[in-house]
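Colleague: With the UniProt record's numbering, letter number 69 in the sequence shown gets 69, and the count goes up by one each step, no holes.
None of these hints come from the bench; they were simulated from the model.
One thing to keep in mind: the hints can contain errors.
Cross-link-like lysine to aspartate or glutamate pairs, in silico, EDC-like; alpha carbons within 20 Å at most [said to hold, decoys possible]:
{"hint": "1", "residue 1": "K142", "residue 2": "D68"}
{"hint": "2", "residue 1": "K57", "residue 2": "D39"}
{"hint": "3", "residue 1": "K74", "residue 2": "E41"}
{"hint": "4", "residue 1": "K143", "residue 2": "E130"}
{"hint": "5", "residue 1": "K107", "residue 2": "E86"}
{"hint": "6", "residue 1": "K147", "residue 2": "E122"}
{"hint": "7", "residue 1": "K143", "residue 2": "D106"}
{"hint": "8", "residue 1": "K74", "residue 2": "D39"}
{"hint": "9", "residue 1": "K42", "residue 2": "E103"}
{"hint": "10", "residue 1": "K147", "residue 2": "E114"}
{"hint": "11", "residue 1": "K142", "residue 2": "E130"}
{"hint": "12", "residue 1": "K123", "residue 2": "E139"}
{"hint": "13", "residue 1": "K147", "residue 2": "D163"}
{"hint": "14", "residue 1": "K32", "residue 2": "E157"}
{"hint": "15", "residue 1": "K143", "residue 2": "D163"}
{"hint": "16", "residue 1": "K123", "residue 2": "E157"}
{"hint": "17", "residue 1": "K70", "residue 2": "D106"}
{"hint": "18", "residue 1": "K70", "residue 2": "E114"}
{"hint": "19", "residue 1": "K74", "residue 2": "E96"}
{"hint": "20", "residue 1": "K42", "residue 2": "D68"}
{"hint": "21", "residue 1": "K70", "residue 2": "E86"}
{"hint": "22", "residue 1": "K74", "residue 2": "D116"}
{"hint": "23", "residue 1": "K147", "residue 2": "E103"}
{"hint": "24", "residue 1": "K27", "residue 2": "D116"}
{"hint": "25", "residue 1": "K57", "residue 2": "E136"}
{"hint": "26", "residue 1": "K32", "residue 2": "D116"}
{"hint": "27", "residue 1": "K32", "residue 2": "E96"}
{"hint": "28", "residue 1": "K107", "residue 2": "E96"}
{"hint": "29", "residue 1": "K70", "residue 2": "D89"}
{"hint": "30", "residue 1": "K74", "residue 2": "D106"}
{"hint": "31", "residue 1": "K142", "residue 2": "D106"}
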Amino acid sequence: MDIACNNIFCLYPNSMQFMLLFSRQGKLRLQKWYVPLSDKEKKKITRELVQTVLARKPKMCSFLEWRDLKVVYKRYASLYFCCAVEVQDNELITLEIIHRYVELLDKYFGSVCELDIIFNFEKAYFILDEFLLGGEAQETSKKNVLKAIEQADLLQEAIIFLDW
Numbered sequence: 001m002d003i004a005c006n007n008i009f010c011l012y013p014n015s016m017q018f019m020l021l022f023s024r025q026g027k028l029r030l031q032k033w034y035v036p037l038s039d040k041e042k043k044k045i046t047r048e049l050v051q052t053v054l055a056r057k058p059k060m061c062s063f064l065e066w067r068d069l070k071v072v073y074k075r076y077a078s079l080y081f082c083c084a085v086e087v088q089d090n091e092l093i094t095l096e097i098i099h100r101y102v103e104l105l106d107k108y109f110g111s112v113c114e115l116d117i118i119f120n121f122e123k124a125y126f127i128l129d130e131f132l133l134g135g136e137a138q139e140t141s142k143k144n145v146l147k148a149i150e151q152a153d154l155l156q157e158a159i160i161f162l163d164w
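With the hints as constraints, model all of the structure from the sequences given.
Modeller: If you want it as structure tokens, here you go:
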């Protein structure tokens, strides 16, 4: 790689460095990091990006260059889905990954809303983990992802039933 870089993001080349979901009020609802960072650095990045994205006008482009990364974001209802990828990565693919994740959440929750993420955050993380692995799309088929989630739900119900 010819790009000179002196921060942690260059040491761990992934497609996606992290994904953040936050509300219009700036409340963080979900965060997934694919690079090792301290809690202090994560908070700083989150605060900076949330302020930057929320300050942008709705008609502005959903892509921006930030530090040595590209930030791709999309607003769905009251939630912003924000991803950071390497500069050479395709923004449109990242936008499609965000959209696919929203489609998966919609299928699972039946028209997902912010409250679904708040009260069922473990399911939102599980769906994300079934879809993305290490910042890369591991399964592109919605049907296969939802099938894996359904099987995990059945297993969880069986375990709860046996414990009862």
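Colleague: Each hint: holds or not?
Modeller: Verification of the supplied hints:
no., hint, verdict
1, K142 <-> D68, "32 Å, violated"
2, K57 <-> D39, "29 Å, violated"
3, K74 <-> E41, "23 Å, violated"
4, K143 <-> E130, "12 Å, holds"
5, K107 <-> E86, "29 Å, violated"
6, K147 <-> E122, "17 Å, holds"
7, K143 <-> D106, "13 Å, holds"
8, K74 <-> D39, "25 Å, violated"
9, K42 <-> E103, "27 Å, violated"
10, K147 <-> E114, "23 Å, violated"
11, K142 <-> E130, "10 Å, holds"
12, K123 <-> E139, "17 Å, holds"
13, K147 <-> D163, "24 Å, violated"
14, K32 <-> E157, "26 Å, violated"
15, K143 <-> D163, "30 Å, violated"
16, K123 <-> E157, "14 Å, holds"
17, K70 <-> D106, "26 Å, violated"
18, K70 <-> E114, "25 Å, violated"
19, K74 <-> E96, "10 Å, holds"
20, K42 <-> D68, "16 Å, holds"
21, K70 <-> E86, "6 Å, holds"
22, K74 <-> D116, "18 Å, holds"
23, K147 <-> E103, "14 Å, holds"
24, K27 <-> D116, "15 Å, holds"
25, K57 <-> E136, "29 Å, violated"
26, K32 <-> D116, "17 Å, holds"
27, K32 <-> E96, "17 Å, holds"
28, K107 <-> E96, "16 Å, holds"
29, K70 <-> D89, "8 Å, holds"
30, K74 <-> D106, "15 Å, holds"
31, K142 <-> D106, "11 Å, holds"
When each numbered hint is compared with the structure, violations occur for hints 1, 2, 3, 5, 8, 9, 10, 13, 14, 15, 17, 18 and 25.
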